[in-house]
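S.K.: Sequence:
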Amino acid sequence: FQDPVCGSAHCGLAPYWSKKLGKSDLKAYQASARGGVLNLHVDEQKQRVFLRGKAITVMEGCVLV
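Going by this note's numbering, the first residue of the sequence shown is number -15, and it counts up by one from there.
Calculated directly from the structure, the hints in this document are not laboratory data.
A virtual CB, placed ideally from N, CA and C, is assigned to each residue, including glycine.
A hint or two may mislead.
Said to hold, decoys possible - Straight-line distance between alpha carbons at most 25 Å, and here's what the computed DSS-like set of lysine-lysine pairs gives:
1) K7 to K38
2) K11 to K38
3) K30 to K3
4) K30 to K7
5) K30 to K4
6) K11 to K30
Stated by the list, open to error - Pairwise CB distance ranges, derived in the manner of DEER restraints:
7) G20 to E44: 44 to 50 Å
8) G20 to V49: 31 to 37 Å
9) G19 to C(-5): 33 to 39 Å
10) N23 to L48: 34 to 40 Å
11) G(-4) to A17: 18 to 24 Å
Generate coordinates for the entire structure from the input sequences, incorporating the hints supplied.
M.R.: Below is the structure:
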């Protein structure tokens, strides 16, 4: 399975665009075949990027260790 939107790429791009645009809240669209929208919040004090988007469950399971 592959995500239609790459969260790790957006986490890397969000701080750049946050500084460039002077905004801490951003909306991103990944223009791929399945595409998707993410809402991003950049917290410079905590050095964190928070992602919010839609998801569906495609599989459930249990791992025994």
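S.K.: Evaluate each hint against the coordinates.
M.R.: Comparing the hints with the structure gives:
no. : hint                     : verdict
1   : K7 to K38                : holds, 22 Å
2   : K11 to K38               : holds, 13 Å
3   : K30 to K3                : holds, 15 Å
4   : K30 to K7                : holds, 16 Å
5   : K30 to K4                : holds, 19 Å
6   : K11 to K30               : holds, 20 Å
7   : G20 to E44: 44 to 50 Å   : violated, 22 Å
8   : G20 to V49: 31 to 37 Å   : holds, 33 Å
9   : G19 to C(-5): 33 to 39 Å : violated, 18 Å
10  : N23 to L48: 34 to 40 Å   : holds, 36 Å
11  : G(-4) to A17: 18 to 24 Å : holds, 22 Å
Checked against the numbered hints listed earlier, the structure breaks hints 7, 9; every other hint is satisfied.
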